[in-house]
Amino acid sequence: MNFARPHAPPRVDLLRVAELVAPKSRVLDVGCGDGALLRLLAEERSVDGRGIELSQQGVNDCVAKGLSVIQGDADADLVDYPDDAFDYVILSQTLQATRQPRVVLEHMLRIGRRAIVSVPNFGHWRIRAQVAFGGRMPVTESLAHSWYDTPNIHFCTIADFVALARDVGATIDKSVALDLAGHPLHRMFSPWAWNLLGDQAIFLLHRKR
Amino acid sequence: MGDLGALLNGAATQSVSPDSLTLHLNSSTPLRMDSGAALAPLTVAYQTYGALNAAKSNALLVCHALTGDQHVANPHPVTGRPGWWETMVGPGRPFDTDRFFVICSNVLGGCMGSTGPASLNPETGEPYGLDFPIVTIADMVRAQALLIDHLGIDTLLCVAGGSMGGMQVLQWAATYPDRVFAALPIATAARHSSQNIAFHEVGRQAIMADPDWRHGRYLVEGTRPGKGLGVARMAAHITYLSESALHRKFGRNLQDRAARTFSFDADFQVESYLRHQGAIFVERFDPNSYLYMTRAMDYFDLAADYGGSLAGAFKGSRTRFCVVSFTSDWLFPTSDSRATVRALNAGGASVSFVEIETDRGHDAFLLDVPELIDTTKGFIDAAARARGVD
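So the sequence lines, in the order shown, correspond to chains W and H. For the first sequence, this note's numbering gives the first residue as 1, with consecutive numbering after it. For the second sequence, this note's numbering gives the first residue as 1, with consecutive numbering after it.
In case anyone wonders, no lab produced these hints; they're calculated from the structure. A portion of the hints provided could be inaccurate.
Unchecked claim - Negatives, chain H to chain W, calculated, CB over 12 Å:
1) E126
2) R191
3) D301
4) L367
Unchecked claim - As a list, the in silico EDC-like pairs of lysine to aspartate or glutamate whose alpha-carbon atoms are at most 16 Å apart:
5) W:K65 - H:D374
6) W:K65 - H:D381
7) W:K208 - W:D167
Unchecked claim - Taking beta-carbon pairs under 8 Å as the criterion, some of the chain H residues facing chain W (in silico):
8) F262
9) F264
10) Y299
11) G316
12) S317
13) R320
14) A346
15) S350
16) E355
17) T358
18) D359
19) A382
20) R385
Just so it is clear, CB atoms sit at the ideal spot from N, CA and C, and this is done for glycine as well.
Given these sequences and hints, build the entire structure.
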């Protein structure tokens with residue numbers, strides 16, 4: 001599993017995630033890369049942030065920024081965190097690269113009072129078109145790996161994620177789909193349209209308790 | 001003392017008159033030890049590097065390992081070899097002596113000038129030997145805290161160390177959370193494992209089996225249990241390396257010969273290397289001190305002092321931690337460090353954790369490992385920024 005984000009999200013993606021975080025809260029960023037989001041949250045929102053990152057370089061970059069980051073991965077390490085340890089647990093563009101996305105999501109909802117998940121949308125029309133008309137596994141700018149070397153082993157569409165959230169008993173408090181440029185799709189669009197036009201989607205969820 | 005002096009080897013000489021700074025505390029303030037003993041008088045031998053700033057906010061405490069000492073970044077007074085952590089401590093190094101005030105003291109029970117089994121027992125006028133009380137990691141830290149008090153330092157910017165030094169770091173953070181701004185425990189554990197206690201027992205039995213040990217009275221009786229201590233060091237040294245590092249370094253190569261000699265001579269390079277390691281160690285280390293140091297590590301179980309919960313040891317801690325382990329360290333494996341990290345997380349502490357990929361085994365913490373140096377430098381610099389140290 002690779003926590004160098006499988007496709008480097010545009011800055012706007014981090015900003016959209018950051019907008020969902022209340023000031024002065026406690027945040028765990030799973031797959032925090034070089035710590036860009038944690039730093040943004042610390043500077044803009046006075047957040048007390050922690051991170052988990054697989055790559056040695058990423059951890060070193062974070063430590064040098066004064067961030068508290070543990071070398072590890074979502075599948076192996078979330079189990080060690082106590083219940084309700086954080087206000088938010090964030091997983092950005094990484095769920096599809098975990099071995100057990102459902103278990104990971106359940107841990108996030110257990111550890112955090114809220115979870116923020118962003119997922120690349122495998123239901124985007126360009127991907128559908130590549131499979132339907134090209135007959136080959138899709139490769140796009142945002143999902144740039146060939147099928148045989150991709151870290152993304154559990155793709156889902158926006159609709160699939162919504163179904164998973166329901167299955168694990170989570171409530172979606174907010175959601176937004178972003179187009180290829182990272183701009184939010186209009187709220188009036190139907191879910192069906194989001195699933196067709198969204199390049200990625202960001203969800204704010206909590207577990208019913 | 002005149003006759004006795006002639007019998008002392010280099011280590012024993014250092015234990016009574018060290019080439020170091022010393023703090024002497026007289027009998028009016030005995031050190032209360034975990035065993036119940038009250039130790040007085042007390043000497044703490046230490047080295048410092050760099051300058052303490054006016055705010056006294058730039059002090060870093062380095063804690064040494066089992067067979068280390070306070071000579072972190074200067075030539076060793078007995079062996080003449082470079083300081084044991086010169087990769088980390090010095091101008092421009094992670095423990096930058098141009099910016100920080102670096103302190104390292106010989107641990108309580110050591111043999112390089114701090115009070116230990118080779119020191120004179122005021123009641124008998126002879127070296128303590130086995131009359132010296134059993135030392136714990138917490139006792140070592142208490143003695144260090146007296147030194148830090150003496151230096152007028154309230155809060156240390158960072159306490160750092162590897163192996164037994166890392167145990168002291170964890171103990172510092174648990175006992176004096178308000179005096180430790182940042183903590184850097186490397187290649188260590190919050191408790192000594194059964195396997196590690198077993199290795200230590202082999203070393204102790206080797207020393208005690210040496211007829212020259214004389215129940216610990218060798219300094220008085222004028223003997224030197226060098227063979228036993230050498231064997232203890234040889235066995236321990238293997239645990240500091242990894243199988244692949246040993247193979248890379250020595251393979252099955254023969255030592256200065258073209259063929260096997262069909263004898264028990266040191267045919268193999270690895271044998272010759274281990275014998276050498278044993279021989280040079282004996283010159284600089286006191287056998288009884290080795291017994292006491294290994295015992296201190298064996299007794300270390302931080303959670304036990306907090307109702308069995310390691311998280312309890314760090315609950316509410318505001319110290320920032322950076323825990324480091326090495327992939328090929330089988331003496332203090334990554335799982336030990338992860339247990340510490342889990343406890344710190346459960347206690348709500350601020351913790352970073354890095355597992356560094358290397359085949360150099362436990363000893364990697366002493367070696368020039370770029371990832372270790374980068375991590376340490378990043379962590380110390382960030383701590384200094386957070387504390388407003390230039």
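Okay, the hints, checked on the actual structure:
For E126 of chain H, the shortest C-beta to C-beta distance to chain W comes to about 50 Å, beyond the 12 Å cut-off, and the non-interface label holds. The Cβ of R191 of chain H sits about 18 Å from the closest Cβ of chain W, beyond the 12 Å cut-off, so the non-interface label holds. With a closest Cβ-Cβ approach of about 20 Å to chain W, D301 of chain H is found to remain outside the 12 Å limit, as its non-interface label requires. At the 12 Å boundary, the C-beta of L367 of chain H stays outside the reach of chain W, the nearest C-beta of that chain being 17 Å off.
The straight-line distance between the Cα atoms of K65 of chain W and D374 of chain H is roughly 12 Å, inside the 16 Å bound, and the hint therefore holds. Among the hinted pairs, K65 of chain W with D381 of chain H is consistent with the structure: their alpha-carbon atoms are about 9 Å apart, no more than 16 Å. Only pairs whose Cα atoms come within 16 Å are accepted, and K208 of chain W paired with D167 of chain W is accepted, the gap being roughly 12 Å. Because the beta carbon of F262 of chain H sits about 48 Å from the nearest beta carbon in chain W, more than 8 Å, this interface hint is broken.
Annotation: interface hint on F264 of chain H violated; nearest CB of chain W at approximately 45 Å, more than 8 Å. With a cut of 8 Å, the hint placing Y299 of chain H at the interface with chain W is violated, because the nearest CB-to-CB distance is about 27 Å. For G316 of chain H, the interface hint is violated, since its Cβ never comes within 8 Å of a Cβ in chain W; the closest pair sits about 14 Å apart. Taking 8 Å as the C-beta cut-off, the interface hint given for S317 of chain H is violated, the closest approach to chain W being about 12 Å.
A cut of 8 Å between beta carbons decides the hint on R320 of chain H: the least distance to chain W is about 7 Å, and the hint holds. Interface restraint check for A346 of chain H: the shortest CB-CB distance to chain W comes to about 5 Å, inside 8 Å, so the restraint holds. Against a cut-off of 8 Å between C-beta atoms, the interface hint on S350 of chain H holds, since the closest Cβ of chain W lies about 4 Å away. Satisfaction of the interface hint for E355 of chain H is found here, the shortest Cβ-Cβ separation to chain W being roughly 5 Å, below the 8 Å cut-off.
A distance limit of 8 Å between C-beta atoms decides the matter here; for T358 of chain H the minimum to chain W is near 11 Å, and the interface restraint is violated. Of the supplied interface hints, the one on D359 of chain H is violated, with its beta-carbon coming no nearer than about 15 Å to a beta-carbon of chain W, more than 8 Å. For A382 of chain H, the interface hint holds, the least distance from its beta-carbon to any beta-carbon of chain W being 3 Å, beneath 8 Å. The interface hint given for R385 of chain H holds, since its Cβ lies 6 Å from the closest Cβ of chain W, which is under the 8 Å cut-off.
When the structure is compared with the earlier hints, violations turn up for hints 8, 9, 10, 11, 12, 17 and 18 and for no others.
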